[in-house]
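Trainee: Per my numbering, residue 15 is the first one in the sequence shown, and the count goes up by one each step.
Mixed in with the good hints, there may be bad ones.
[What the hints assert, rightly or not] List time: in silico SDA-like cross-link candidates among lysine to any residue, alpha-carbon distance up to 25 Å:
1. K16 x K89
2. K89 x A218
3. K227 x I31
4. K89 x E196
5. K120 x F153
Note that these hints are calculated values from the structure, not bench results.
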Amino acid sequence: MKILVAISNVPDTTTKIGFVNADTEFNNAGVQFIINPYDEWYALVRALELKESGIATMVTLFHVGLSDSEPTIRKGLALGADDAVRVNAEATDAFFVAEQIAQFVKENNYDLILAGKETINYNGASVGGMIAGILDFPFVSLATKLEATATTITLEQDIDGGAQVVECGLPLVVSCSKGMAEQRIPNMRGIMAARTKPIKLIEAVGEKLTSVKSYTLLGGRTACKYIEAENAEELITLLHNEAKVI
Numbered sequence: 015m016k017i018l019v020a021i022s023n024v025p026d027t028t029t030k031i032g033f034v035n036a037d038t039e040f041n042n043a044g045v046q047f048i049i050n051p052y053d054e055w056y057a058l059v060r061a062l063e064l065k066e067s068g069i070a071t072m073v074t075l076f077h078v079g080l081s082d083s084e085p086t087i088r089k090g091l092a093l094g095a096d097d098a099v100r101v102n103a104e105a106t107d108a109f110f111v112a113e114q115i116a117q118f119v120k121e122n123n124y125d126l127i128l129a130g131k132e133t134i135n136y137n138g139a140s141v142g143g144m145i146a147g148i149l150d151f152p153f154v155s156l157a158t159k160l161e162a163t164a165t166t167i168t169l170e171q172d173i174d175g176g177a178q179v180v181e182c183g184l185p186l187v188v189s190c191s192k193g194m195a196e197q198r199i200p201n202m203r204g205i206m207a208a209r210t211k212p213i214k215l216i217e218a219v220g221e222k223l224t225s226v227k228s229y230t231l232l233g234g235r236t237a238c239k240y241i242e243a244e245n246a247e248e249l250i251t252l253l254h255n256e257a258k259v260i
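Could you build the full structure based on these sequences and the hints that come with them?
Mentor: Here you go:
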């Protein structure tokens, strides 16, 4: 079984976000970038576990991004992936990203495509479904568990009040959620090995169908207002006029 894991390069969760060029681009100055946690902790680590168990024969990372994202790719290689592919283009359009992955899968016959359920910067949760749609592959979203044989994948998803277990043949696309695997930290051997593992550079296919008009930061939290217990009328007025919940 050959597994392709899609990874994204995202700002660290502690990063202070800002915008430049009339609020049309992220300000990357001083920003620490990491592998999208859903891609790393759940999709990639579960793929590596399948390889370690002998079910999978190869784990390839796939990333759409410019050269400054290569340190992120190297971390994925340090964790244990065999090789990586980077499409030399900015990943600002979900369909464009899905198209790059789908085209590569068509040409290289991967059996299982794993991705995190969403990225922590855009939270679109759409790339996995788009990949499956382009390839006409089955798609299971928000999977929390994954077991595999050479020909069959069994997955578990959380549903309202319980869990649902589904079984699919290959090829298959899965978006991975919390519970799929446990976080790993690269060891020194993996870090050293990652320096020599290949990163194949390819050019993009197709074109971006959307463009960003502007970004807007959310307003900061407002200060709490304390109302005396006996002053119910003021509380009602604030809930009606300011909070607009009654």
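Trainee: Against this structure, judge whether each hint is valid.
Mentor: Against the structure, the hints:
no., hint, result
1, K16 x K89, "holds (20 Å)"
2, K89 x A218, "holds (23 Å)"
3, K227 x I31, "holds (17 Å)"
4, K89 x E196, "holds (16 Å)"
5, K120 x F153, "holds (16 Å)"
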